[in-house]
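Undergrad: Sequence:
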Amino acid sequence: MNPDEILDLSAVEQRRLIGRRALSPVELMHACIARIEALNPGVNAVCATDFDRALAAARDAEAAVTRGDALAPLHGLPLGVKDLLDTAGLLTTCGNVAMRGYVPARDHGLVARLRAAGAIVACKTNTPDLGAGANTRNAVWGATG
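Counting in the working numbering, the sequence shown runs without a single skipped number right up to 155 at its last residue.
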């Protein structure tokens, strides 16, 4: 499958193919990263990335598939987390200038549960300042387009 075909699949189908060893979590992550890098300059939806750690986690996910380990429900699926939730080791600003340099040591409970279910955090997505607003526009990352 080419990257466009991979990304046209639903998350349910991607996960099913990962479980059947027909789709590599690494291949899926590379496709997602390439799409983000191609489209984000024009839309500014992704504000912080963690691609190196995401690729390392995808390699670990692939190794688990190869070993025949039991796979969690979201095993190997890339995820973008709204920039309102703490993500360990990844910049979390809430779109607020006062939080511009905040890198939390721990995940928010929701993020921890998503990771425990096998999801791989690849990036943060832009948000209005402190999440207050109908349109995404803030002084840290700018507006989405």
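These are calculated hints, taken from the structure and not from any lab test.
Treat the hints with care, as some may be off.
[Claimed, not checked] Label-pair restraints from in silico Cβ distances:
#, residue 1, residue 2, range
1, L140, T76, 29 to 37 Å
2, D79, A108, 39 to 47 Å
3, M11, V107, 40 to 48 Å
4, D79, P51, 22 to 30 Å
5, E23, L49, 32 to 40 Å
6, V53, G141, 25 to 33 Å
7, L19, V107, 32 to 40 Å
8, G155, A80, 36 to 44 Å
9, N145, A44, 38 to 46 Å
10, R116, R26, 17 to 25 Å
11, D14, A142, 34 to 42 Å
12, A153, A108, 18 to 26 Å
13, P13, A108, 13 to 21 Å
Heads up, the beta-carbon is just placed ideally off N, CA and C, and yes, glycines get one too.
Undergrad: With reference to the structure, classify each hint as holding or not holding.
TA: Hints, verified against the model:
1. L140 with T76: 29 to 37 Å: violated, 43 Å
2. D79 with A108: 39 to 47 Å: For D79 and A108 the Cβ distance comes to about 43 Å; the hint holds.
3. M11 with V107: 40 to 48 Å: Because 42 Å falls inside the window, the suggested range holds.
4. D79 with P51: 22 to 30 Å: violated, 38 Å
5. E23 with L49: 32 to 40 Å: violated, 21 Å
6. V53 with G141: 25 to 33 Å: Since V53 and G141 have Cβ atoms about 19 Å apart, the given range 25 to 33 Å is violated.
7. L19 with V107: 32 to 40 Å: Holds, at about 39 Å.
8. G155 with A80: 36 to 44 Å: holds, 42 Å
9. N145 with A44: 38 to 46 Å: violated, 28 Å
10. R116 with R26: 17 to 25 Å: violated, 32 Å
11. D14 with A142: 34 to 42 Å: Since the Cβ atoms of D14 and A142 sit about 36 Å apart, the hinted range of 34 to 42 Å holds.
12. A153 with A108: 18 to 26 Å: holds, 19 Å
13. P13 with A108: 13 to 21 Å: Since the Cβ atoms of P13 and A108 sit about 38 Å apart, the hinted range of 13 to 21 Å is violated.
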